[in-house]
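J.: Here's the letter readout for the chains.
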Amino acid sequence: MDENLTVGETESALTAEQYIEFDGQQLVVRSDAAEIIDFVSRTYRPMLVPRLTTSAGWIEVRRAEGEYVLDWADGPDFHGDLESVCRYLRHQVQLRFIRERSDLLWLHAGAVEREGRCLLISGPTGHGKSSLVTLLCERGWRMLSDDVAPVRMDTLEVLPYPERPVRRVYPGRDLRREEVGLLERESVQMSDDAISREAARISGIVLPVFQGGAKAELVRLAAGDAALELVRNCMNFVDHKEAAVDFVSRIARAVPIYRLCYGTASETVHLLDGLGRHLEVSISV
Amino acid sequence: MTSLPQVRTGLLSNQLDDQVLVYDPRADSVHLLDPTTARVMELLADRGRTTDEIVVEIARQVDVPSGKALLALAIDELRKADLLDESVSSSPQPEVSRRELLRKVALAGAAAVIAPAIVTLSPSPAYAQGSCLAKKDCCTVNADCCSNKCDPTTGSACPGTLECH
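Quick mapping for you: the protein sequence lines, in order, are chains X and W.
According to this note's numbering, the residues represented by the first sequence are 1 to 285, in order.
According to this note's numbering, the residues represented by the second sequence are 1 to 165, in order.
Keep in mind that a hint or two might mislead.
[Said to hold, decoys possible] If you want the footprint, here are the derived chain W segments under chain X, 3+ residues with CB under 8 Å:
id : stretch
1  : 6-17
2  : 20-27
3  : 115-126
Derived by calculation from the structure, the hints in this document are not laboratory data.
Even glycine gets a Cβ: it sits at the ideal position worked out from N, Cα and C.
Isolated chain X (complex conformation) (with noise of 0.2 Å):
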C-alpha cells in the first residue's frame, strides 16, 4: 500500500483516504475498495501528499451490490463498473478542482516543457493530446500535464497537472477518424525525471487533427483562427466570458500556433521536437 495512504476503521469495511494536490489544496478522495486506492495511487502519484492542509472538497467510491458508487457534495451519485466510475473519478477530480480555482483559465490541453520551453497541446478528446505529450517526453521533454491545463492568465504560466496520461493503442495501420474513439486505452507510467513540477510559461500552442494516413504537417494559424479555436478548448469559460476572449488575443498574438494535421503520432513527434526546440523561451504580452 501506498506510504501516502491513511486507513480508518468505519462501520463495515476499512477505509482509506488519498489527499491529490494542486497548487496548494488537496482534494479527498475516500474509499473501501483496494482498487480504486489503487487506481488514484497509480493516476496521481506525481500529485498525492501525505496530509490535509487546505481542503479542496471529497468524492467518496464505495462498492455496492457488484458495482461502484460514486459520491460526492454537489452532485448525483455515479453508479458503474471499475472501469467507468474510474473514469468519472478522474473527470470529477478535474472538475473539482477547475471550480476551486475558477481564476485560472483551463484549457483542454497537454502541456511538455524542455529548457524554460512551454509546448502546449490543444484540443478535444481523440484529438491525440495524449499520445503526443508522452513521445515528446520519450526524447526529453517533461511533462506539465496531461489532459487539462491550468493557465495563469496574467503571467501566460501552465501550473503542473500532471496526472498519469491515458492514450489510445494505435494498431499500426490507418484509421478513420470515426474509430479513434473507440481504440482501447493504456496508462503510461512516466518516471519522475519525464514530470516537471514547475510553472512553465506558454512557448508554443499545437492543435493536432487527426487524419487517417495523413502525412504529418504543420500549418501556422492566422491569429484570429488560432483565438477561436482556443475559445473552444476552455473549458471553464464560464467563469471568464470577455476576460478570456481578451486573454486568448492576447495570447494569439504573442505566440506561435499551429494546426497539426497527422496520421501516426510516432511518425510526427520528431516534427513537434524540431518545433518546441525554435520557440522563443521567454514571450511577454
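Add chain W to chain X, keeping to what the hints say.
T.: Below, chain W without anything else, positioned relative to chain X:
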C-alpha cells in the same frame, strides 16, 4: 441601400491582424470576423461614413472595381450573427440570396476566399468535458462516456439523439 445599419453597442472586439474576434455579452457568444466583414463593421461603427464612401473603401481594400456586393454580403453576415442594431431603422436590404451576392462578388473580380464570412461559437455555459462525459451528456460513440454506454436518448436534448447512460 441609402442608409446604413448600425453596429450593436456593448460588443467587445479584439483586433487580430486583419481579423476581429468579437464577444457578445448579451448572447454569450464569440464571433470571428473575416477581414472584409471586420472592415465593414469598423466602417459602420464610424457613423460619419456614407454608403458610397464605404463601398469605395471596401473596393480599395479588396482591390475590386466595386465593393457594393461585398458590403451587402458583409451586412448580411453581421445581421445573421445578430451584431447589428435592428431597432435602428435602416433601408431594407434587397431580398438577394447569398448565392446571388457571391456571384456578384465574383463578377466584381473578388476571389471567393475574400467573401465575407463570420464563424460563430457559443461556448458551453457549464464546465466543458474533460476526459469523459457524464450521464445524460450528448455523445457519439461509447468511448466518449465515462460509463462506456452511448445509447439513444430518451428525450430530445441531444441533437445526435445519443446520450451517455
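J.: Hints numbered earlier in the text: which of these fail when held up against the supplied structure?
T.: Violated hints: none; all satisfied.
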